[in-house]
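J.: Protein chains in written order, with my numbering: chain P, 1 to 456; chain H, 1 to 456.
Honestly, the hints are just simulated from the structure, not real lab data. Treat each hint with caution, since some may be false.
Note: identical chains are not told apart, hence a pair may lie in one copy or across any two.
[Unchecked claim] Below are the DSS-like pairs computed for lysine-lysine, each with C-alpha atoms no more than 30 Å apart in a straight line:
hint : residue 1 : residue 2
1    : LYS8      : LYS255
2    : LYS18     : LYS94
3    : LYS28     : LYS402
4    : LYS94     : LYS128
5    : LYS73     : LYS94
Number of protein chains: 2
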Amino acid sequence: MSKTIPYKIYLEESELPKQWYNVKADMKNKPAPLLNPATKKPVTVEELSHVFCTELAKQELDETNAYIDIPQKILDFYKMYRPAPLVRAYCLEKALDTPAKIYYKFEGNNTSGSHKLNSAIAQAYYAKQQGLKGVTTETGAGQWGTALSMACAYLDLDCQVYMVKCSYEQKPFRREVMRTYGANVTPSPSDTTEVGRKILAEFPGTTGSLGCAISEAVEAATKQEGYRYVLGSVLNQVLIHQSIIGLEAMAACDKYDIKPDTIIGCAGGGSNLGGLISPFMGRKLRGEADYEFIAVEPMSCPSLTRGKYAYDFCDTGKVCPLAKMYTLGSGFIPSANHAGGLRYHGMSSTVSQLYDDGLITARSVEQTSVFAAAQQFAKVEGILPAPESSHAIKVAIDEALKCKETGEEKTILFGLTGTGYFDMVAYQRFNDGTMSDYIPTDEEIAKSLAKLPKMD
Amino acid sequence: MSKTIPYKIYLEESELPKQWYNVKADMKNKPAPLLNPATKKPVTVEELSHVFCTELAKQELDETNAYIDIPQKILDFYKMYRPAPLVRAYCLEKALDTPAKIYYKFEGNNTSGSHKLNSAIAQAYYAKQQGLKGVTTETGAGQWGTALSMACAYLDLDCQVYMVKCSYEQKPFRREVMRTYGANVTPSPSDTTEVGRKILAEFPGTTGSLGCAISEAVEAATKQEGYRYVLGSVLNQVLIHQSIIGLEAMAACDKYDIKPDTIIGCAGGGSNLGGLISPFMGRKLRGEADYEFIAVEPMSCPSLTRGKYAYDFCDTGKVCPLAKMYTLGSGFIPSANHAGGLRYHGMSSTVSQLYDDGLITARSVEQTSVFAAAQQFAKVEGILPAPESSHAIKVAIDEALKCKETGEEKTILFGLTGTGYFDMVAYQRFNDGTMSDYIPTDEEIAKSLAKLPKMD
């Protein structure tokens with residue numbers, strides 16, 4: 001007889017994962033290597049170590065170790081806000097009148113308001129271990145910057161954050177949270193870096209982009225003694241750290257004999273999606289189980305559904321290594337009327353390869369429908385979701401409504417990456433009925449893709 | 001041998017309380033009765049039923065039933081965000097280098113950001129059960145209004161919130177959260193009520209007060225068919241609902257053989273303090289255990305430490321019953337430079353009686369020291385606390401530092417009532433160094449107390 005499934009499953013401390021999972025080790029087709037933009041040859045750990053901490057550079061290129069021990073100090077920090085609960089969305093199921101069983105892994109119960117803290121503490125830890133003074137980074141919606149500020153405060157590391165200008169202006173309170181944790185926050189593009197000044201000269205009045213903030217943070221890291229750059233998404237190392245989401249979710253499912261049919265995650269750079277699905281993907285790759293994986297992205301920034309699988313720059317300033325990924329071009333900046341996050345032009349190379357291999361499907365959704373789903377979810381499940389997370393909610397609801405039509409009793413699992421407390425400007429637009437949708441034209445995307453680096 | 005105590009104790013569903021606890025049943029000296037302001041005679045359930053739902057009016061006056069069954073629908077809602085964890089503050093202990101053991105009961109893991117949801121769902125439930133159309137209320141910092149909006153959305157009840165004007169202006173995002181949950185929010189004092197118009201005429205430019213917002217909400221409830229008024233603090237019924245905090249905390253302590261010596265709660269109207277301490281107080285009253293209880297209030301609104309124990313109006317408009325309580329006078333409004341919440345002029349009559357009987361002690365603290373404690377806590381424990389909650393943190397730290405001096409291994413338990421995500425205007429002032437303290441003069445307090453109602 002199966003155990004009674006509680007409304008919320010919290011794993012016991014003894015059941016928590018002690019290792020991260022590296023899905024690349026189980027992939028037959030490995031992601032294409034990162035390339036040095038000057039030589040177009042695969043980057044080495046040594047080369048990456050100028051930008052990243054050495055240990056993280058190793059994790060970035062690691063294709064052989066499926067499991068990586070989580071250092072004790074990180075496990076201790078995880079205990080402060082983990083385990084994250086796996087929640088049965090009984091109230092949503094009832095409201096939708098669906099035979100589907102809906103579960104969500106909720107990562108918002110911490111001050112950063114999202115899953116970002118899982119990788120922030122890991123990256124800060126390795127920086128501290130290496131004896132560095134501090135780290136630099138970019139932040140878009142602000143969750144990553146907040147997470148990094150928290151991790152740095154905990155470890156007594158300096159933290160310099162370049163915040164995408166439109167978020168800096170729309171989310172002054174995010175800035176104050178970071179400052180409360182002792183971080184230094186600069187709106188990007190800024191005149192504090194060469195690349196920032198160049199972008200400002202070329203595009204005066206730009207509201208910024210993640211790609212551009214990345215360039216500034218990388219420059220700031222390489223020009224200061226004792227600093228390295230850290231990044232909250234896209235990278236393989238981030239997917240490794242974020243595997244804690246999927247590992248916990250899988251342990252909770254196994255404990256109660258829950259077998260998800262469909263696993264849904266929102267996808268910007270791929271950190272949450274990759275983290276949530278990778279342990280399940282490992283089972284699929286090893287032939288132990290099968291799942292349908294759905295990546296959900298905004299229609300305004302549709303890298304998987306309308307981008308090209310090609311080598312591209314990870315940043316607008318073209319200072320980072322080249323990555324083969326689904327991309328809209330490193331110059332692509334979604335319209336400022338897009339409030340729903342997930343604004344990055346590319347996608348994790350690991351997620352991109354899995355998608356190209358047909359192991360993941362993808363959908364793009366309009367932001368007004370995303371906020372409507374968010375509100376519906378908030379009213380019945382109580383949690384006010386982040387706009388990013390709400391992309392997954394929207395598709396989870398769509399899937400559950402399909403089950404209502406077909407009568408299928410599917411088990412749906414989605415990632416609820418965070419809370420929307422700092423997104424009330426966007427919610428206000430939705431509440432006022434002034435929110436609109438933005439879908440880039442084929443011409444806009446083609447124009448941006450025409451600037452992909454030549455790879456002959 | 002005692003069990004290993006986890007970092008965070010989450011009770012199992014089967015261990016969750018199924019009944020609330022009513023401390024009045026165990027009090028030898030009962031709180032003085034609420035009086036009808038016209039007749040100066042104890043109010044009856046029938047009289048209270050014009051303002052409150054009948055079931056809540058009964059709870060308000062109940063002095064005999066120590067335990068009250070929690071209706072199943074409320075238990076279901078509690079499952080959405082409860083149990084709240086009891087957390088061992090290992091990192092804070094380490095940072096303070098204290099031999100004290102510090103625990104906190106964290107009530108912030110829900111969208112209202114505080115413990116207020118515990119009573120909001122109860123009050124909304126009884127309103128729905130009575131067949132009402134909706135409820136009216138006031139909110140100060142906004143947690144209560146948000147909580148009520150969430151509960152009303154869940155039960156499909158109309159929700160009208162009068163929000164203290166200074167909070168309405170400092171916290172526009174709170175308003176949007178409430179609107180997202182479908183509530184109607186009006187800044188108070190407003191011209192939508194008679195009492196609001198009167199206050200505006202007398203004090204043009206006032207930033208409002210809880211007492212004044214209460215008056216408006218009560219008027220709105222009594223003038224609309226099918227509406228009742230609900231209140232988030234002060235009342236006996238609220239303390240009954242909030243006993244869930246203390247009952248869970250006590251169950252978690254008992255499970256792991258944790259014996260608190262000192263129990264600390266912030267005190268505005270008394271909802272959190274009363275809820276946290278009442279089950280422990282029950283044990284003390286019954287001679288089963290002993291604890292030191294500390295109520296912490298802001299120096300700018302020191303009802304327990306500098307107020308008078310007397311009958312007073314619960315609201316500025318003098319429409320509510322008279323309550324005997326520690327009060328600064330119903331016309332007392334703390335300076336607008338006070339950002340730390342807990343602005344109510346009086347104190348729960350139950351808490352007041354316990355304090356008058358010497359069963360609780362009280363301290364008042366300056367807001368700059370409160371924010372410094374908040375920041376210290378945030379950096380090591382990860383949670384960004386609400387200013388209100390941080391009053392308890394401040395005194396918990398003080399007590400732990402005393403233990404450091406004496407070498408005493410005290411066990412300290414405090415209530416961490418909520419998160420500060422919507423208090424970043426106040427945090428910004430603290431970060432910028434522009435926050436100041438306000439301590440009312442003896443003359444100010446005497447002037448306000450001179451207007452207490454005549455009780456001959």
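J.: Now, for every hint given, state plainly whether the structure supports it.
T.: Hints versus structure:
1. With identical chains, the CA atoms of LYS8 and LYS255 are at most 30 Å apart both within one copy (13 Å) and between copies (20 Å).
2. Taking the closest pair of Cα atoms, LYS18 and LYS94 come within 30 Å of each other only across two copies (24 Å); inside a single copy the shortest separation is 36 Å, beyond that limit.
3. Taking the shortest alpha-carbon separations for LYS28 and LYS402, neither the intra-copy value of 33 Å nor the inter-copy value of 61 Å comes in at or below 30 Å.
4. Proximity of LYS94 and LYS128 under a CA criterion of 30 Å is satisfied inter-copy only: 19 Å between copies versus 48 Å inside one chain copy.
5. Only between protomers do LYS73 and LYS94 lie at most 30 Å apart by alpha-carbon distance; the minimum there is 14 Å, versus 42 Å within a single protomer.
Consistency with the previously given hints fails for number 3 only.
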